[in-house]
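**Student:** Please model the complete structure; the sequences and the hints are all you need to start from.
Quick note, the sequences are listed as chains V and H, same order. For the first sequence, the working numbering assigns the number 3 to the initial residue and increments by one for each residue that follows. For the second sequence, the working numbering assigns the number 6 to the initial residue and increments by one for each residue that follows.
Hint data in this document are derived by calculation from the structure and do not stem from the laboratory. Note that beta-carbon positions come from the ideal geometry of N, C-alpha and C, so glycine has one too. Check each hint, because a few of them may be wrong.
Covered stretches of chain V (chain H as the covering partner; in silico rule of three or more C-beta atoms under 8 Å from a C-beta of chain H) [to be verified]: (1) 10-20; (2) 26-34; (3) 42-52; (4) 65-75.
Among chain H residues calculated to face chain V with C-beta under 8 Å, some are [what the hints assert, rightly or not]: (5) 114; (6) 147; (7) 181; (8) 280; (9) 282; (10) 283; (11) 284; (12) 316; (13) 364.
Straight-line C-alpha distance at most 30 Å; calculated DSSO-like pairs for lysine-lysine [stated by the list, open to error]: (14) H:398 - V:43; (15) H:296 - V:19; (16) H:204 - H:143; (17) V:50 - H:143; (18) H:296 - V:46; (19) H:343 - H:376; (20) V:58 - H:237; (21) H:143 - H:133; (22) H:296 - V:22; (23) H:151 - V:54; (24) V:16 - H:151.
Spelled out from the first residue to the last, the chains are:
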Amino acid sequence: MSEKEMKFEEALEKLEKLVKQLEEGGLSLDKSLETYTEGVKLIKFCNKELNKAEKKIEMVLNEDEGYTDVVPYEQGEELN
Amino acid sequence: MIQWGFIMEKKIYLITDISKYLKDLLANDPILNSLWITGEVSNFHHHNSGHMYFTLKDENSSISSIMFRSHNSKLTFDVEDGMKVNVHGYVSIYEPRGTYQLYVDDIEPAGKGALYLAYEQLKAKLEKEGLFTEEYKKNIPILPKKIGIVTSPTGAAIRDILSVVRRRFSNLYVLIVPSLVQGDAASSQIVNGIEYLNKRGDIDLIIVSRGGGSIEDLWAFNEENVARAIFKSSIPVISGVGHETDFTIADFTADLRAPTPSAAAELAISSRLELEKDLNNNHSRLINAIKNKLDNISNRVKIVTGKRIFFHPEELFAEKTQNLDDLSRQIEWNMEKKLNLFHEDFRLLNSKLESLSPLKTLSRGYSITSKKETIVDSINNIDIGDQIRTQIKDGQILSKVLETEGG
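**Tutor:** In structure tokens, the structure reads:
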């Protein structure tokens with residue numbers, strides 16, 4: 003697992019904790035607002051991570067000398 | 006000469022000739038030159054040369070058998086003593102020893118199929134080695150960004166997988182590593198694909214996949230090199246091979262087995278969708294919680310500011326003023342009481358004091374006699390000629406003692 007995913011997981015975990023704390027309602031107003039702000043930051047971070055990956059389908063060419071170029075995958079090939 | 010001639014007429018064969026003759030005979034026999042024989046394997050020996058030697062026997066007879074390396078290398082399963090087999094080959098003479106033997110070019114297990122047996126054998130072997138052990142299974146990343154798929158670029162599997170990927174609108178990078186998925190070359194291509202993806206360093210999940218087919222079609226996924234490549238992969242591997250009922254060795258070795266290719270795609274992506282849902286859920290909970298908090302606080306403020314005291318603050322003082330009056334009245338009363346008690350005490354003490362005063366006694370006609378400032382209260386303190394002073398009500402008498410007399 004790469005470091006980024008760990009971060010995502012951590013952020014999500016932290017977010018869950020904050021939400022729970024806030025829901026329990028025992029925090030002062032200042033602390034509540036602080037918690038909320040931090041939660042929003044974590045959500046932004048997680049969303050960014052979620053949408054970071056590119057949306058692309060490619061195929062590596064397998065020539066005699068091994069794997070060579072990576073080219074866009076053509077859906078048409080599946081008709082063969 | 007006659008004898009010689011006789012001898013000349015005798016046909017004498019060389020052993021080699023006979024062997025060759027017999028060999029030809031057998032080779033031309035329509036049965037012996039190509040036949041299936043069933044029996045049990047015994048004295049099995051796989052020689053360093055690669056050739057296999059064993060005896061095929063039944064209850065009454067046995068036949069020495071040899072299977073050359075060129076043939077036995079194609080066997081999918083391991084031959085073992087006691088195994089019931091059908092062998093194919095021809096019967097011929099081994100000239101150096103003059104024995105006939107069976108030259109085997111194919112063996113299949115009697116009863117179950119060869120592939121099935123090979124499958125069972127490999128499964129048992131790898132299981133024993135721990136390749137299927139749960140503790141070696143890697144976690145499937147919760148948010149894979151780049152998925153490598155080792156499969157045929159033209160097969161049903163990739164079509165199914167990509168349709169799931171497209172349907173889910175997933176932000177995914179998919180890299181297809183084309184590979185044969187059936188036939189002799191398939192397993193090594195699958196292995197190469199897995200190794201290639203590991204070498205790239207940017208892929209965080211691998212799917213190995215092919216669509217459904219017969220056990221022969223799926224065979225590459227039951228081969229040892231594929232199982233070992235999956236096990237060795239430092240990138241987690243999801244297998245999606247054949248149909249739901251197909252369990253290949255690759256499935257057992259993979260970090261996660263998906264019943265079908267599209268299920269493999271779902272498993273790879275669904276965690277991602279779950280995360281999105283999770284995140285959205287947390288988002289709305291966060292907003293609700295802070296909203297509740299703020300509502301709660303503004304309610305409290307409303308309740309507090311709505312109290313009567315904010316509109317009639319003087320009531321706060323009125324009560325206090327009254328309280329103060331009460332207290333001062335109480336203090337006055339208490340002081341008075343205390344003073345009265347004090348006066349009473351004083352009066353009592355004074356009268357007591359007065360009754361004890363010597364002046365009071367003197368006024369009744371008594372006197373006090375003293376000698377040199379000491380009060381004379383005994384005849385023994387007085388000597389004749391002493392000067393004494395007598396205090397009476399209204400003056401003092403100074404006298405000289407003429408005589409004393411005990412009383």
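**Student:** Evaluate each hint against the coordinates.
**Tutor:** Taking the hints in turn, this is what the structure says about them:
1. 10-20: holds (count 6)
2. 26-34: holds (count 4)
3. 42-52: The restraint on the segment 42-52 of chain V holds, since 6 of its residues have a Cβ under 8 Å from chain H and three suffice.
4. 65-75: holds (count 4)
5. 114: 35 Å, violated
6. 147: With Cβ-Cβ at 6 Å, under 8 Å, it holds.
7. 181: Since the shortest Cβ distance to chain V is 4 Å, the answer is holds.
8. 280: Since the shortest Cβ distance to chain V is 7 Å, the answer is holds.
9. 282: Status violated, d = 11 Å.
10. 283: 7 Å, holds
11. 284: Cβ of residue 284 (chain H) sits 5 Å from chain V, so the hint holds.
12. 316: 26 Å, violated
13. 364: Cβ of residue 364 (chain H) sits 83 Å from chain V, so the hint is violated.
14. H:398 - V:43: This hinted pair is violated, its Cα atoms lying about 110 Å apart.
15. H:296 - V:19: 17 Å, holds
16. H:204 - H:143: Holds, at roughly 18 Å.
17. V:50 - H:143: Holds, at about 26 Å.
18. H:296 - V:46: Holds, because 19 Å separates the two Cα atoms, which is no more than 30 Å.
19. H:343 - H:376: With Cα atoms ~47 Å apart, residue 343 (chain H) and residue 376 (chain H) exceed 30 Å; violated.
20. V:58 - H:237: The hint holds at about 27 Å.
21. H:143 - H:133: 19 Å, holds
22. H:296 - V:22: 14 Å, holds
23. H:151 - V:54: Holds, at roughly 11 Å.
24. V:16 - H:151: Within the cut-off at roughly 25 Å; holds.
Checked against the numbered hints given earlier, this structure breaks hints 5, 9, 12, 13, 14 and 19; the rest are met.
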